[in-house]
Structure formats: structure tokens, C-alpha cells
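Based on the provided sequences and hints, a complete structural model is requested.
If you want the building blocks of each chain, they are given just below.
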Amino acid sequence: MVGQELMKAEVVEIVRGLMPSADVVRVDVEPKTDSGGDASLAVRIVTQQRPPREETARLVEVVDKFRTWLIAHDDERFPYFRLLSEDEEREVERADS
Amino acid sequence: MINSDHLLDLAGMEARPSGAGAPRQAYLRRAVSTAYYEVFHAPLWTISTEFVGAAHWKTRVIFYRSVEHGKVRDRCKRLAHDPLPNDERLSLGLDRFPEGLRLFAAEFVSLQELRHEADCDPDTKFSVQEAQDAVDAARQAVEALRAAKDDSSLIPFLSYLLLGLRR
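These protein sequence lines are chains P and Y, in that order.
Residue 1 is where the first sequence starts when you use the working numbering, and the numbers rise one by one after that.
Residue 1001 is where the second sequence starts when you use the working numbering, and the numbers rise one by one after that.
Among the clues, some could well be false.
Here are the simulated BS3-like cross-link-like pairs (lysine-lysine), alpha carbons at most 30 Å apart as the crow flies [said to hold, decoys possible]:
id, chain 1, residue 1, chain 2, residue 2
1, P, LYS65, Y, LYS1058
2, P, LYS65, P, LYS8
3, Y, LYS1125, P, LYS8
4, Y, LYS1058, Y, LYS1149
5, P, LYS65, P, LYS32
6, Y, LYS1125, P, LYS65
7, P, LYS32, P, LYS8
8, Y, LYS1149, P, LYS65
9, Y, LYS1071, Y, LYS1058
10, P, LYS32, Y, LYS1125
11, Y, LYS1071, Y, LYS1149
12, P, LYS32, Y, LYS1071
13, Y, LYS1125, Y, LYS1071
No lab work stands behind these hints, which were simulated from the structure alone.
Laid out in C-alpha cells, this is it:
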């Protein structure tokens, strides 16, 4: 299985190609069990500013490319992505339940 | 039948509630959940219209009711696989589905998980923008499915979505 640092580097590379305006400040990749009980990955991309809508609309392509890369490395886990700006991260932390 | 475009309009309204201050998480959770139901209903509608003639309209309900969320998610994981897993490749005679259908399948999986978090995980919180992104993603996925209307791989895609493979 591919190491987490290599996965993070690949995510950054893919995001750079599909969302050129995204100034990525952090990528978190954590193993998780999804709601169907399958081993999967939780990927969080944090950007300084929110990229324009035409770029955030390409997140599903990021998922597709990253998953294809994982499969090529014999990793069948589905990657679940969240894309947040730093401001949104703070908004989520402050939010009431 | 449920009009999936109306579900999208509803999800859009839930993601942009009126009123002062930050929107309540309850609204954002509903927006995410409704966005998922949009991508759930869109293939059901396509399956029922492709496979059942208008003269047998009532029969379409049987197709609608036969589809289980978990099974469709598992099948979508395989439909989005690039290249297709061996069993699917041999059974369907395809190396992979076209990008639009593959992205629909990947979005289905992602939005179903997000819906699960929205409805069943009290610790999950969403930003306003994330809820709006979920609505946009659902809209985009449905457009991709509709754009495949004349694609020769649509029927194998829908057949697999509905029935899967016997293993």
C-alpha cells in the first residue's frame, strides 16, 4: 500500500493540474471505514482562498484521477474528498451543531 | 414520479437559507441530503424510461422500488473503476466507461457518503460553501448522466447499476 506522504504529494499534483488557482496549504489523508463498512480514505484539501467555482466543480475529476492512481498502485480504497478554504475550516469549527 | 430538477431547486434553497447570521447546520445538512437524493433519483428515472414503455407507466414504480442505496453505491464504486475490474470488463465487454458516466458513478459514491454524514453523524459540520458544492456536484452529475443519453454504453451502465453481476 502506498504511504500517506506519497498520497498527499499525488493529491497536490492532481489539484495543481485541475485547479490551477488553488493555493493548497494542507492535505490530510486518513484511513476510514465508510458507511458501507468498506476500508476507504478521507482526504481533506485545505486552500488559502476558495478557488473559483469552475475549478471547484472539477473536484470529482480529482477524485477520479486520484482513485485511478491508487488502483494503479494496487490500492482499492475509495477516496472521499473534502475541499475547504482556511476561512471555511474556521467557520466549521465555530458552527453550532 | 419525482421530478429530480425540483429536488435540485430544493437543495439549492436549503443551502442558501434566508435570515441573519450563519445558517443553521440543520439547513446545510438537509441541503447535502437532498443533493444526494437528486443523484439517486436521476438514474432511477433514466432506468424506468429506458426499460419500461410509457404504456406501462405503473410498472416503472417496480423499478424505482427495486433499487437499494447500498447496492447501487457498491456497483457505482466498480462502474467508476478505471479500468473496470476484471469481472465487469469480461461481462460488459468494455475496458472502462466514458468519463461522464464514470464521473457520475464517482459522484454518486461521494454524495451518498456525505448524505450519511449529514443525516447520521452528529459530529459532522458543513460550511455553507460545502453544502452549495454538494448541490453543484449533484447538478453536474445529473447533467453528465443526461448527456450520455445516446451513448451506446448507457444501457450496459444502467443494467449493471440495476442488477449488478451474479457472483
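Discussion item. For Y/LYS1125 and P/LYS8, compute the direct alpha-carbon distance and say whether it is at most 30 Å.
Written reply: With Cα atoms ~23 Å apart, Y/LYS1125 and P/LYS8 stay inside 30 Å; holds.
Discussion item. For a C-alpha distance cap of 30 Å, please report whether Y/LYS1071 and Y/LYS1058 respect it.
Written reply: holds (24 Å)
Practice prompt. Quickly compare the C-alpha distance for P/LYS32 and Y/LYS1071 to 30 Å and report which way the hint goes.
Written response: The hint holds at about 20 Å.
Worksheet item: Under the criterion that the straight-line Cα-Cα distance not exceed 30 Å, is the pair P/LYS32, Y/LYS1125 satisfied?
Response: holds (17 Å)
Worksheet entry | Restraint check for P/LYS65 with P/LYS32, where alpha carbons must lie at most 30 Å apart | Holds: P/LYS65 and P/LYS32 sit about 20 Å apart, inside 30 Å.
Fill in: Y/LYS1149 paired with P/LYS65 [C-alpha distance capped at 30 Å]
holds (24 Å)
Worksheet item: Hey, Y/LYS1125 versus P/LYS65, does the alpha-carbon distance stay inside 30 Å?
Response: holds (27 Å)
Discussion item. Hint check: Y/LYS1058 vs Y/LYS1149, CA-CA at most 30 Å. Holds or violated?
Written reply: holds (23 Å)
Worksheet entry | 30 Å Cα cutoff - pair Y/LYS1071, Y/LYS1149 | Judged against 30 Å, a Cα distance of about 23 Å means the pair holds.
Item to complete: Assess, step by step, whether the Cα of Y/LYS1125 is no farther than 30 Å from the Cα of Y/LYS1071, and give holds or violated.
Response: Within the cut-off at roughly 27 Å; holds.
Discussion item. For P/LYS65 and Y/LYS1058, compute the direct alpha-carbon distance and say whether it is at most 30 Å.
Written reply: Distance of about 41 Å is beyond 30 Å: violated.
Worksheet item: Under the criterion that the straight-line Cα-Cα distance not exceed 30 Å, is the pair P/LYS65, P/LYS8 satisfied?
Response: holds (13 Å)
Going through the hint list in order, the structure does not satisfy hint 1, though it satisfies all others.
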